[in-house]
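Those protein sequences? They're chains A and B, same order as listed.
Under my numbering, think of the first position of the first sequence as 1, with each following residue one higher.
Under my numbering, think of the first position of the second sequence as 1, with each following residue one higher.
It is possible that some hints are incorrect.
[Claimed, not checked] So the derived label-pair ranges between C-beta atoms look like this:
| hint | chain 1 | residue 1 | chain 2 | residue 2 | range |
| --- | --- | --- | --- | --- | --- |
| 1 | B | 56 | A | 312 | 54 to 62 Å |
| 2 | A | 172 | B | 82 | 51 to 59 Å |
| 3 | A | 308 | B | 146 | 39 to 47 Å |
| 4 | A | 139 | B | 204 | 29 to 37 Å |
| 5 | B | 331 | A | 222 | 40 to 48 Å |
| 6 | B | 208 | A | 172 | 41 to 49 Å |
| 7 | B | 332 | A | 301 | 44 to 52 Å |
| 8 | A | 353 | B | 332 | 32 to 40 Å |
| 9 | A | 185 | B | 208 | 49 to 57 Å |
| 10 | A | 308 | B | 110 | 16 to 24 Å |
[What the hints assert, rightly or not] To be clear about the criterion: a stretch of chain B counts as covered by chain A if any three or more of its residues have a C-beta under 8 Å from a C-beta of chain A, and this derived list gives those stretches:
| hint | region |
| --- | --- |
| 11 | 93–107 |
| 12 | 113–123 |
| 13 | 264–275 |
| 14 | 328–341 |
[Said to hold, decoys possible] Below, computed lysine-lysine pairings styled on BS3-like, alpha-carbon distance capped at 25 Å:
| hint | chain 1 | residue 1 | chain 2 | residue 2 |
| --- | --- | --- | --- | --- |
| 15 | A | 176 | B | 300 |
| 16 | A | 82 | A | 149 |
| 17 | A | 6 | A | 139 |
| 18 | A | 41 | A | 69 |
| 19 | B | 300 | A | 172 |
| 20 | A | 41 | A | 66 |
I should point out that these hints are in silico values taken from the structure, not numbers from a laboratory.
We put the CB at the ideal spot given by N, CA and C, even for glycine.
Listed here are the chains, written in short residue letters.
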Amino acid sequence: MLEQIKNEFKNASDLLMDTLDNGYLRMELAYFPSLCDERIKDGLLVPFSYRFDPDEFRRMLHSNPKYQKQDKSEEWANLLLKGNVLLEIDGQCYSFKSDRTFVTEVGTTQVEASLQGPQSAFTEDINLNISLVRIRYNKSILTVKPFDKGSFSHTSIQVLYDSELVNENVLKMLFKQMENVNIDLLQASGQLVKELTDRSHRLFPTLLQTERPDRVAVMLRRGKIVILMNGSRFAIVLPVRLFDFMHAMDDDYESYWISRFLIIMRYMAVSLTVILPAVYIAIVSYNPEIFRVQLAFTIDGSRAGVPYPSFVEVFIMLFMIEALIEASIRLPRFVGSTATTVGGLILGQAAQQAGLVSSIMIIVTSVVAISNFVVPNPNFSQSVRLMKYPFVIIAMIYGISGVAVMFFAMIVYLCSLRSFGEPYLALFTPKNQMNSGHGKD
Amino acid sequence: MARYFYYHVIYVGMINVMLFVPWTLIQHRFNGAVSGMAIAIVFGTLISYLTISFILRFPGMGFAEIIRTYFSHGVTVVILILAAFIWFMAGMLVIYSYSATIQQFFNPDMNPYLFMLLMTLAGVWGASRCSRSVQFAHEIMMLLCTPLILMILFKAIFSPWLDWDAIRVTSGYIRTAPSFVSLCAATFVFAGYNTLGIFNRLLPAGAKIKYRWIIPLFCSFFLLVSFFIPIGFHGTVGVADYLYIWSITADSMIMEYGFVYRVLYIFLLLYTALSLMFAMNTWHTAMEFLKACHPKHKPKTEQFPAPAVNWWINLAFAILTFVYAFWTNEQRNQWVNQYWLITRTFVDITTTVLLGWIVFRGSRKKKKQPPIPRDAAVTDT
């Protein structure tokens, strides 16, 4: 065995290969100490060395589920790389599972915070993640299907679904799509999302990434499919609808009217953040007569010192706010507050006093920025952030009527999207069987 | 899923404003519009009830598939192309008049073709989607429009400036003999049921369209509102002075509170949505009819992404719209509108008669061969 492994790992100096002899039995041993943990001592070395009992040792090899007979020599390399110990006794090869887990504690939510809901989040360890889901979805019908993707990273992926509720068509489509996944290094769930989306140039996410096990459990209960990936804190949920992206888990935990209020407010915020810059341009440059006279005068008065047309102003402010958002994500924590202070001060007061932008534009910008962060899902939030630019451009050419037409086009676009064959934006489709009733093909 | 059907009924009922139905009626207000409307209410209800029951006998089949089962390929293609032409004209006329309205009221110094370009592009974009997406989009747009519609209607009806005497005077002309054009124009308000010609494909087998009283109730309401409210605002004589009569009527109202002062702008925004929905629907239907001309065409209600042929057909529609816009002016557009309304009425009657005849033939065939179970017989015919 050792010869063959040596041939395959010619330059891996961190691979430990040895032949142990305790006087009764010779054992060939190979493993990566960096990939394996302390369990190898109690599980293998102690029973083999000073507590050795030939009968007990053989019984252990055959009965302990961590030991597996490995007859196929072509899989050895893979097993070693996955953190197994390979051993050969009397010409029979065994593997001993001793992979090191770096994460032993449940994470806390960082992207999708919740006020009073569970605070635990997925980790970068897939086994821990599965246990997090199993604890919440405690049913025997929860099916877990393993995959191995990434020709260089060999990332393990688990597909979870409720075998009774799941939509078979979606499942078939997913497995077909999984076969087409062709990627070298699979390191983040976002990459998998891109690969699974049938057309990559989409403005809106059609797969949901979430770090919350409670959301995953809710989704499983609705018959959706969940993909967990080793090394990623985010689970992928499919098929999803637009409403799932706008849904915070708190909505399920708050009382009825509060959550209704929050949901309505969120949709209003999203429409504001998308159309407000465009409406500003349209009102200021094209159709000031829409607003009542006093308001039109106020807006125009605030622009008195601004020397260029409104769309330049909008582009300046939107660029600044986008740069500020980007900077606060990338900056290390300790420097982060600098960006916000400087940005807030300069954007807020100074730009207006210098006569570069109007004070109304400052309000517009802040409403846009704040409303953008109301979206509970970061992916969707990014899409919304991008969506305002087509509106701005159309408002530059056509004014307010262009904005209305663009809004229609956006609704049509959203309605024409499909998430694994399921409609993305459609009202009043039954929760579990979205295909029933219409669309008979 | 019958609710999708009623969305069509309702917005087609409201789009009449853009097809100069109120203008046509008001031109004839002293010589036959009121009696024409009364007849149209009865006639429109009757023809819509009949067509719905006929089409529902062919579950999952569009108009194209139904006539294909009875006629030879050549006849089918002729009928379909005629139907597609009528449908396409509807979308084209609405886009043209809406662009003209916008040019007049929103962006007077803009090149008139520039806004039409945007409207046609949006129409092409919407119509080239698959039928199911079109249906979803209709529902959402409809729900978004509802508050605006209700607001304008209530503002109009309860406005202190609405002169009910003028309305009473005009409605007194009900005893005059109905004029033909106003009868045809008024029937258009009931035309929403025609969308079943395509969207019946999406109705599940055995679906029933309940609450059919919605059609006479709502459509009569829209018809009466779009005729009488302008008369109430402008008086029995002054009302004939305006071409874009409803935009002017909406401009007669103000909102005391809020950002926007003139109701006109709310009205125009609402009709952006309605016109685009109408254009999307008519062009989509025309496109589906043209696609069904191919002898081996299999109708698909769910296609993502949209096939290239959808784009090409709709782009052709867009180009035709521009050709029309170059040719036409206010007078010609009026003329085309009137003749379109008349032709449409005849096409509607022909469609109903055709469908009735097919159903009749089908039921006679069924009597001759009793052993075939009912469901199979219906789908076979």
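| request: Hint by hint, work out which the structure violates, then give me just those numbers in ascending order. | output: 2, 5, 6, 8, 14 and 17
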